[in-house]
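Trainee: One-letter residues, chain by chain:
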Amino acid sequence: GENVEQHPSTLSVQEGDSAVIKCTYSDSASNYFPWYKQELGKRPQLIIDIRSNVGEKKDQRIAVTLNKTAKHFSLHITETQPEDSAVYFCAASLGGSYIPTFGRGTSLIVHP
Amino acid sequence: GAVVSQHPSRVICKSGTSVKIECRSLDFQATTMFWYRQFPKQSLMLMATSNEGSKATYEQGVEKDKFLINHASLTLSTLTVTSAHPEDSSFYICSASGTGRDKNIQYFGAGTRLSVL
Chain A
1 GENVEQHPST
11 LSVQEGDSAV
21 IKCTYSDSAS
31 NYFPWYKQEL
41 GKRPQLIIDI
51 RSNVGEKKDQ
61 RIAVTLNKTA
71 KHFSLHITET
81 QPEDSAVYFC
91 AASLGGSYIP
101 TFGRGTSLIV
111 HP
Chain B
1001 GAVVSQHPSR
1011 VICKSGTSVK
1021 IECRSLDFQA
1031 TTMFWYRQFP
1041 KQSLMLMATS
1051 NEGSKATYEQ
1061 GVEKDKFLIN
1071 HASLTLSTLT
1081 VTSAHPEDSS
1091 FYICSASGTG
1101 RDKNIQYFGA
1111 GTRLSVL
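Respectively, the protein sequence lines represent chains A and B. Residue 1 is where the first sequence starts when you use this note's numbering, and the numbers rise one by one after that. Residue 1001 is where the second sequence starts when you use this note's numbering, and the numbers rise one by one after that.
Just so you know, the hints here were simulated from the structure itself, not pulled from any lab data. Nothing here was measured: the structure is a model prediction, and the numbers come from that model. Treat the hints with caution; some may be incorrect.
Each computed DSS-like pair below joins lysine-lysine, with the alpha-carbon atoms no more than 30 Å apart [said to hold, decoys possible]:
1. Lys1103/B with Lys42/A
2. Lys1041/B with Lys71/A
3. Lys42/A with Lys58/A
4. Lys22/A with Lys58/A
5. Lys1041/B with Lys57/A
6. Lys1103/B with Lys1020/B
7. Lys71/A with Lys1103/B
Ranges between beta-carbon positions, derived for each pair [as the list claims (entries may be wrong)]:
8. Lys1014/B with Gln60/A: 47 to 53 Å
9. Lys1055/B with Asp27/A: 21 to 27 Å
10. Ser1054/B with Pro82/A: 44 to 50 Å
11. Ser107/A with Lys1014/B: 30 to 36 Å
Even glycine gets a Cβ: it sits at the ideal position worked out from N, Cα and C.
Can you make the complete structure from the sequences, with help from the hints?
Mentor: Written out as structure tokens, the structure is:
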């Protein structure tokens, strides 16, 4: 089955800096890669996703890149703000109703 | 986007009792729902996949007689933790896949924090 590795487990940055979280996956057939943000005690929420036919996607301060050959994808957050502090999960799936496999999560701490 | 409601948000029970957690899709029909368990500062561990009208599919290592799942309708799935023990204390989250254009997206419930004394 699919295996998703996520690094780092903890990331601490100063407000205004950029943050990068990286994930690798094992199943070359995976074609859908969502990122979820989970604030403390709350539900995970989708913040951005990318499909295998696209190399990069941006949404304001958030961007995701995908390298299919290397089987890795990354989340980039620019101009970080304290409210970006949360746990971020990457996931990989075959799309559709296939169950996503989640990474272990990255705890992002943005210091004011 | 789709909304998934999960209740209760918090439950404290005595060891040996059973606890039922409900997961509802409020504005869409979910033929498949997923149940996860999350330990502090850890990832989402898939416990089982709940299919409407059929038996749930459990992940390896998850006791089906311990964690009873019922998906009686297209909008409701329940997880019952039977004869709960302190080691069952955890954060349980359900999710459902969206429909149509959103079918790839997982919509999560708010989670249930179970504390077994």
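Trainee: If a hint holds in the structure, say so; if it doesn't, say that too.
Mentor: Tested hints:
no., hint, in the structure
1, Lys1103/B with Lys42/A, "holds, 22 Å"
2, Lys1041/B with Lys71/A, "holds, 26 Å"
3, Lys42/A with Lys58/A, "holds, 25 Å"
4, Lys22/A with Lys58/A, "holds, 16 Å"
5, Lys1041/B with Lys57/A, "holds, 28 Å"
6, Lys1103/B with Lys1020/B, "holds, 27 Å"
7, Lys71/A with Lys1103/B, "holds, 23 Å"
8, Lys1014/B with Gln60/A: 47 to 53 Å, "holds, 48 Å"
9, Lys1055/B with Asp27/A: 21 to 27 Å, "holds, 26 Å"
10, Ser1054/B with Pro82/A: 44 to 50 Å, "holds, 46 Å"
11, Ser107/A with Lys1014/B: 30 to 36 Å, "holds, 33 Å"
Hint violations for this structure: none, all hints satisfied.
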